[in-house]
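2 protein chains.
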Amino acid sequence: MEALSQGREGWHARFVMKHPALLSLVLLASCSATPAPAPAPSEASAPALAPTEIVAAAPVADWSAIAPSDLLVMDLSPGAKGAARRVVIQLLPAPFSQGWIGNIRKLAAAKWWDGTAVNRVQDGYVVQWGDPDGEDKAKAKPLPPGLSKVDAASYATSSSEVRPLVADAIAHEALGTPHPNTPIFMKDAYADTTLVWRGWPIGTDGEKMWPIHCYGTVGVGRDYPPDTGSGAELYAVIGQAPRQLDRNIAVVGRVIDGMENLSSLPRGTGDIGFYKTAEERTPILSIRIGSEVPGLPRYEYLSTDSKSFAAYADARANRRDSFYIRPAGGVDICNVPVPVRRVP
Amino acid sequence: MEALSQGREGWHARFVMKHPALLSLVLLASCSATPAPAPAPSEASAPALAPTEIVAAAPVADWSAIAPSDLLVMDLSPGAKGAARRVVIQLLPAPFSQGWIGNIRKLAAAKWWDGTAVNRVQDGYVVQWGDPDGEDKAKAKPLPPGLSKVDAASYATSSSEVRPLVADAIAHEALGTPHPNTPIFMKDAYADTTLVWRGWPIGTDGEKMWPIHCYGTVGVGRDYPPDTGSGAELYAVIGQAPRQLDRNIAVVGRVIDGMENLSSLPRGTGDIGFYKTAEERTPILSIRIGSEVPGLPRYEYLSTDSKSFAAYADARANRRDSFYIRPAGGVDICNVPVPVRRVP
Chain V
1 MEALSQGREG WHARFVMKHP ALLSLVLLAS CSATPAPAPA PSEASAPALA PTEIVAAAPV
61 ADWSAIAPSD LLVMDLSPGA KGAARRVVIQ LLPAPFSQGW IGNIRKLAAA KWWDGTAVNR
121 VQDGYVVQWG DPDGEDKAKA KPLPPGLSKV DAASYATSSS EVRPLVADAI AHEALGTPHP
181 NTPIFMKDAY ADTTLVWRGW PIGTDGEKMW PIHCYGTVGV GRDYPPDTGS GAELYAVIGQ
241 APRQLDRNIA VVGRVIDGME NLSSLPRGTG DIGFYKTAEE RTPILSIRIG SEVPGLPRYE
301 YLSTDSKSFA AYADARANRR DSFYIRPAGG VDICNVPVPV RRVP
Chain A
1 MEALSQGREG WHARFVMKHP ALLSLVLLAS CSATPAPAPA PSEASAPALA PTEIVAAAPV
61 ADWSAIAPSD LLVMDLSPGA KGAARRVVIQ LLPAPFSQGW IGNIRKLAAA KWWDGTAVNR
121 VQDGYVVQWG DPDGEDKAKA KPLPPGLSKV DAASYATSSS EVRPLVADAI AHEALGTPHP
181 NTPIFMKDAY ADTTLVWRGW PIGTDGEKMW PIHCYGTVGV GRDYPPDTGS GAELYAVIGQ
241 APRQLDRNIA VVGRVIDGME NLSSLPRGTG DIGFYKTAEE RTPILSIRIG SEVPGLPRYE
301 YLSTDSKSFA AYADARANRR DSFYIRPAGG VDICNVPVPV RRVP
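Top to bottom, those sequences are chains V and A.
Numbering follows UniProt numbering, with no gaps: position 159 of the first sequence is 159.
Numbering follows UniProt numbering, with no gaps: position 188 of the second sequence is 188.
Treat the hints loosely; a few may be bogus.
Pairs involving identical chains hold if they fit within one copy or between any two copies, as the list cannot separate such chains.
[Unchecked claim] As a list, the in silico DSSO-like pairs of lysine-lysine whose alpha-carbon atoms are at most 27 angstroms apart:
id, residue 1, residue 2
1, 276, 81
2, 141, 111
3, 149, 106
4, 208, 187
Please keep in mind that the hints were generated in silico from the structure rather than gathered at the bench.
Produce the complete structure using the sequences and hints provided.
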């Protein structure tokens, strides 16, 4: 299917990269991620850049470093043929979920997860890890001292910081001149508005804003409310974005490397994907904050207020590269994953 | 996370199942899948049924049999410890994609796929299978005679059959009395309207309608347009719904059993998820039409014009069961998968 179109650059990519001055023109001409009339196939001009090509052509200045202290590094037991299985998670920045993330830092410092396991893999939904005996108070592994109890009010935070951005973007849309570097997504089934802000997909209703669940999102398992979980029990999304969980559970980060080491695990044999036997679980060797892991690669993300990101979001909404005959004219925010790479 | 709330029935489920006359009242009271004001946590009444509980309580009359002749059964080589790996795919009914599906029936009858392989697993995107040498004209396995060449016009079809349903549902919404058995989804980033019709999620723009890509959707791999593929190269979605492919590629069905045998395969080691070496591929033992497979279980789906389905769709949009504190008030159509089960 996309075998031929995604993997290599078309003439547009080569042309633009040889003529960097033209790049900004191309990007300025195509910077809306909100629905726009899709040209009929016969009206379409020559094939444009694919999203991957736009990312590959982004200037160095459009990439932002991720501090190793904001990474959580999980090493699973070796896989087939002894292959190492590492999962790297980027933790959310303030003002989101900092209570739980503070707990996660303490749990990692205490090496609490070492010797725990991946206990649940529910197809199309989540992989979950932590203490397999966590539900049994008599057998549960004691948590380290000093963890905070976080309230459900922390699922969302004031939207005052993004409100002017959203208003500005909506005003631009109304004038038919989409904002050059704040792509917003109005046709969302779950939130009034969604946008990508400081590297993260968020929802807002004008009063509050909150991080949302996409493929690869990491959150905090919990029991019934008002319990919101400590952060010791974590999950990662491995299917269609379960947006119904937004504001019902704490989002703390996203997998940026090694996602396949979670998503390809054998599915659970019991109810809702829990393994029936201890032997089926995948042991966790260690979980550490990135700054404690020798030799960890450096990572960076495509700045989401850059023109490159706006052009990437637009191309995700309007595929005009050679493979496509009908651009969609819109895109779900979870289909605009923030590009993350190892620093070249 | 949902360990406690999804796996067992709350008192509501037990109460309603003991008093079936009340079931229809509960369902009639909550039949809209389109956004509705979500009650604030403090206003919420006692926990309601979870979607799984609604499905479990659906009367026998609300289930529709799937003809074995509309199934495609793929047996992969045995997995770990010699476990059988079967994938069952339900093919789309008319008026959708029948040209490609006719070819698929011929390919299965000719046992053409026997000895081919799963060649590509791209994380968060697709698993793809067929002739590993299909791209190399000199080495490609010859296709059976009599396959049809299908035109891209067949990606969509006239929407005349669903137009009255959509108009009726919209009229009901406008009056604040959602249609009791046609849930529609207006806030979709890719189509004017999406709905579930005769068991399948579809998009429509008022003129045309087309099947859409969700988790588990099966489609026809192709080269650059105007080629639309023969049906010999197939893929299944294993990540966030790649809706940008709608109307750009042929949808032919969905996986209804054994999805984990595709989604948990090792990810490809090469570009866009192709395996670098032949040894990494998963051999396909056989692909047959279901009516040719002895001992195949019977399957049925929850009729999508039933009140049970409307209630299920509403519950997916407004989770009011014990785990949730804030119903979303909306849902993406790909988060309302049509329930399919083996006939009890």
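Against the structure, the hints come out as follows:
no.: 1; hint: 276 / 81; verdict: both (25 angstroms within a copy, 17 angstroms between copies)
no.: 2; hint: 141 / 111; verdict: within (12 angstroms within a copy, 54 angstroms between copies)
no.: 3; hint: 149 / 106; verdict: within (13 angstroms within a copy, 61 angstroms between copies)
no.: 4; hint: 208 / 187; verdict: both (18 angstroms within a copy, 20 angstroms between copies)
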